[in-house]
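Student: What follows is each chain in one-letter form.
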Amino acid sequence: MEIKKYGSEKMSKNEGVIYRISGPVVTATGIEARMYEVVRVGNEKLMGEVIEIHGDQSVIQVYEDTSGIRPGEPVLSTGQTLSVQLGPGLLTQIYDGIQRPLQTLEEVMGVFITRGVDADGLDLEKKWDFVATASKGDDVLGGQVIGTVQETDTITHKIMVPPKASGKIKSIKSGDFNVTETVCTLEDGTEIKMMQEWPVRHPRPFSQKYAPDTPLVTGMRILDFLFPLAKGGAAGIPGPFGSGKTVTQQSLAKYSDAQLVVYIGCGERGNEMTEVLDEFPHLIDPNTGKPLMNRTVMIANTSNMPVAAREASVYTGITIAEYFRDQGYDVALMADSTSRWAEAMREISSRLEEMPGEEGYPAYLSSRLAEFYERAGRVETLNGEDGSVTVIGAVSPPGGDISEPVSQGTLRIVKVFWGLDAGLARQRHFPAINWLSSYSLYPQSLNQWFRDNIASDFPEVRTQISALLKVEAELQEIVQLVGSDALPMDQQLTLEVARMIREYFLQQNGFDPIDAYSGVQQQYAMAQAILTFQEEAKKAMAAGARLQDVVNVQSRTELMRARFAEGYLDKIGGLVEAMVAEIAATAEAN
Amino acid sequence: MTSKEYKTITDIKGPLVFLEKTEPVAYGEIVSIRLSDGSEKNGQVLDTSDDMVVVQVFEGTEAIDRKAGVKFLGDVFKLPVSKGLIGRILDGAGRPRDGGPEIIADENADIIGAAINPYSRQSPHDFIQTGVSAIDCCTTLVRGQKLPIFSASGLPHNDIALQIARQAKLRDSDEEFIVVFCAMGITAEEYNFFRSDLERTGALENAALFVNLADDPAVERLITPRLALTAAEYLAFEHDYHVLVIYTDMTNYCDSLRQIGAAREEVPGRRGYPGYMYTDLAMLYERAGIVKGKKGSITQFPILTMPGDDITHPIPDLSGYITEGQIVISRELHQAGIYPPINVLPSLSRLMGSCIGEKTTRDDHKKVSDQMYAAYAQGRELRGLVAIVGEDALNERDLQLLKFADIFEDKFLRQDRDEDRTIDETLNLCWELMTNIDTKYLVRLDQELIEKYHPEEKKA
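From first to last, the protein sequence lines stand for chains V and E.
Going by this note's numbering, the first residue of the first sequence is number 4, and it counts up by one from there.
Going by this note's numbering, the first residue of the second sequence is number 22, and it counts up by one from there.
Calculated from the structure, these hints are not laboratory results.
By construction, the Cβ of each residue, glycine as well, lies at the ideal position given by its N, Cα and C atoms.
Mixed in with the good hints there might be a few duds.
[Unchecked claim] Only pairs whose alpha carbons sit at most 27 Å apart, straight line, appear in this in silico DSS-like list of lysine-lysine: (1) 129(V) / 176(V); (2) 541(V) / 25(E); (3) 574(V) / 461(E); (4) 25(E) / 104(E); (5) 212(V) / 129(V).
[Stated by the list, open to error] Here are some chain E residues the structure puts well away from chain V; computed CB gaps all over 12 Å: (6) 60; (7) 63; (8) 73; (9) 121; (10) 142; (11) 207; (12) 276; (13) 331; (14) 360; (15) 398; (16) 402; (17) 454; (18) 478.
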């Protein structure tokens, strides 16, 4: 990979000088920059972005540490806005917030991230086997696919005409090329390369947005069954520290049935990112049987890395996600955590001495959040294919109190809310998602999919399960006062059934290789098994069986325990039959 | 660099000095201020422009007047580091406090410290045995982890920190930790307690102390932990030591941060703390870890006192989002006379999963820990119920769990300040205590483990 010190490239003539430095915010004079233009700051040519203009002064947020920089040092404008390089070579990479590959940074800087090094997001030398799918004389439009590259075992990278170009193909050739070589020329002279650049703060274009109608299957029972997320939807996961946000996000990155995953570690822990890096190459994607890393792009800007790069990291991530969406893929993007992104905005805003909104956050916080989540969606691409970006944002509310601005700003936009609960985590109930406070607004649009693909009564079964959980919550209030023995028998049974839902269905061990992933078919079978238990228990008790005996039947324990063994879906029918027989016997025994 | 002396101070406010000047001054540059009586103070540039420079004075601005001379020293703050730091006591700004000579530097290290590239980190996985059952069993400490103690005024967090520092070791290894101790605004009495304990156990020879006491300048506290961590990084990554950094009290550090923020008239965040406190704290806590290709490691043990015992206060809250778990000290347990009063329920070690099990501790560790935890949690919940309905309303299982909660606190949590339990002793103790509950209620243990370890069900 090519490595260059800043400054080796040609700079545009526009040069000014530093007037003031305050942390990551630098003010320059004498430079005619546009908003959000990338500039090089100081003798070391640190990368920065213009975020405010006052008369002759340009205010710049700098993506690297500014210690030791002095007023009077030069500032160069580059004429470009902050962009990412898009093309073959993105997959399996791990980047910092401004798309510098961390592996390259290690080679240049060693284990500590210093400053003043530029690195390309893509390997510019590597040759890829380009297979042309368009031919000479074809009329092509922006976004149209003209060829493919087999990037990893599972992902075919489609090479598209840049969104703004179009015309008749003058020449196109298959063969081994690096990403900067021309593979196709249009009649008007436009040269198309495998790499394109795109400004990160700008959504990529598409033909039209569709209403989502397919669920993003995550393999997590509480999510898929009770609070499903649609492909192209947006979800928020707020929760206090220690409630399992990161574990949930990682589980989603591992098991969701998106074709590609972009994982943004935004202002989070270094050791956790390392764990992901260690783990992902060894994990197998349950949907394709290939290493998970083959479909993953990672962005790691940990909490102690420069705050301005943290602010940029979510944009870098979503632009990469949109690029794959434009190729007709279903992409899932996890951002952990959007609160750290918001805090980066707050930090920069306070350095700009802007008038603060709620809790010191800038007044534009909610519009930035909305713009970001709005980049999710299921679309018809410019190439006429169906693609989607699903966004799942973790939120870290201070003290777990979701009345704060970031949580509220998020909840106003997203349609799915998975509320993590410290109390559940404390009881070691994982995933610690509270089934009473969480919601999803997608079931209506997804019900048809569930009816067609899983079972015709799927929505009704779901309603019964959630109703049981609601009744349990009410009964528990009474139990707190008088103890469970004081309840009538049928209500005691309801409590037992609800307990079965919680312990057998909702709890899921993310670290158990088998239990970590349940297909929707299996989820439905398990829900049915619970309802069967309830029905049979009622019958048996009406015939004189004691609740204690019904609950303690051995075959029910076996039914529940067997989910940790392979091939559970095939066995479940037999196990339920055995349970039904044993419960019926308890009535006869009396 | 030849440094000119400027006499152009315009404003002095709190810990800040504002001056106009003529030549460009670097952001973060070190400043020396000479007072009219000839004494000197040190500071650092917080904001610099062609018109105005803002200097934060570490020793406080007392006695500075507008005639004071200001020199810019041309460099950012650096700590002279060498192996000679071991066994030394330095003040909060890195000067000898023990009457010994200046540190002879092998190199001068930038105290801000660069971020470790996440790609270059190595996942922590070495189990540290602290000899404290509650920690070893339920919130296991891993080498390279940052695990704070969340405490409050009047609780014995210092004893616990010292006990851990004394006893911490890798299993089956004599390899000892070098302790880097960093005091921020603690009282002389507390400091003497730490120091005499380290002396008593001979640990002082293997420690480096950075001390800023309550009557030392508050602003100096902002650099003290950075000095300590710079020393720790040098010892760990240049000399292969395993370093345990204890810093106390993070609450004083954050208050100093707030003081500077207020003096600069910054827009305050929650409870007046600056909006960048998360980033600032992360730049300390994230300096824990292990990197590929280096033998040493840095494990951090920050102590913070929660104002008003409130875990949602910004200081514990932001810390909890950065650190890999927390050990929570409980006033209730302390009042009940239990030492160490660790409340295992809100305590957590995020890295525990990577360091326990057959190869490192014992095959039953995970399940035993889960079972102890679950039983104790339920027992404690039942205490609330019993207060309302009385014990008579409980069934047999609930009664056993209720009793177990008491036994857990009395036998498992409680131990002497010098009692060093091995992990085997701790786990065996767990099994012994679990005989108080019928095995059929021990749902988190499987039959195989019960037959292997349960004192009454064990198969010979």
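Student: Run every hint past the structure and note whether it holds.
Tutor: Each hint tested on the structure:
1. 129(V) / 176(V): 18 Å, holds
2. 541(V) / 25(E): 91 Å, violated
3. 574(V) / 461(E): Within the cut-off at roughly 26 Å; holds.
4. 25(E) / 104(E): With a Cα-Cα distance of about 34 Å, the restraint between residue 25(E) and residue 104(E) is violated, given a limit of 27 Å.
5. 212(V) / 129(V): 35 Å, violated
6. 60: At roughly 27 Å from the nearest Cβ of chain V, residue 60(E) sits farther out than 12 Å, so the non-interface label holds.
7. 63: 16 Å, holds
8. 73: 8 Å, violated
9. 121: Holds, because the least Cβ-Cβ distance between residue 121(E) and chain V comes to about 30 Å, which exceeds 12 Å.
10. 142: 4 Å, violated
11. 207: 25 Å, holds
12. 276: With a cut-off of 12 Å, residue 276(E) remains clear of chain V, as the shortest Cβ separation is near 18 Å.
13. 331: Violated, since 8 Å does not exceed 12 Å.
14. 360: With a cut-off of 12 Å, residue 360(E) remains clear of chain V, as the shortest Cβ separation is near 23 Å.
15. 398: 6 Å, violated
16. 402: Its Cβ does come within 12 Å of chain V, the nearest being 9 Å, so this is violated.
17. 454: 18 Å, holds
18. 478: Non-interface label on residue 478(E) holds, nearest chain V Cβ at 19 Å vs cutoff 12 Å.
Violated hints, in rising order: 2, 4, 5, 8, 10, 13, 15, 16; the structure is consistent with all others.
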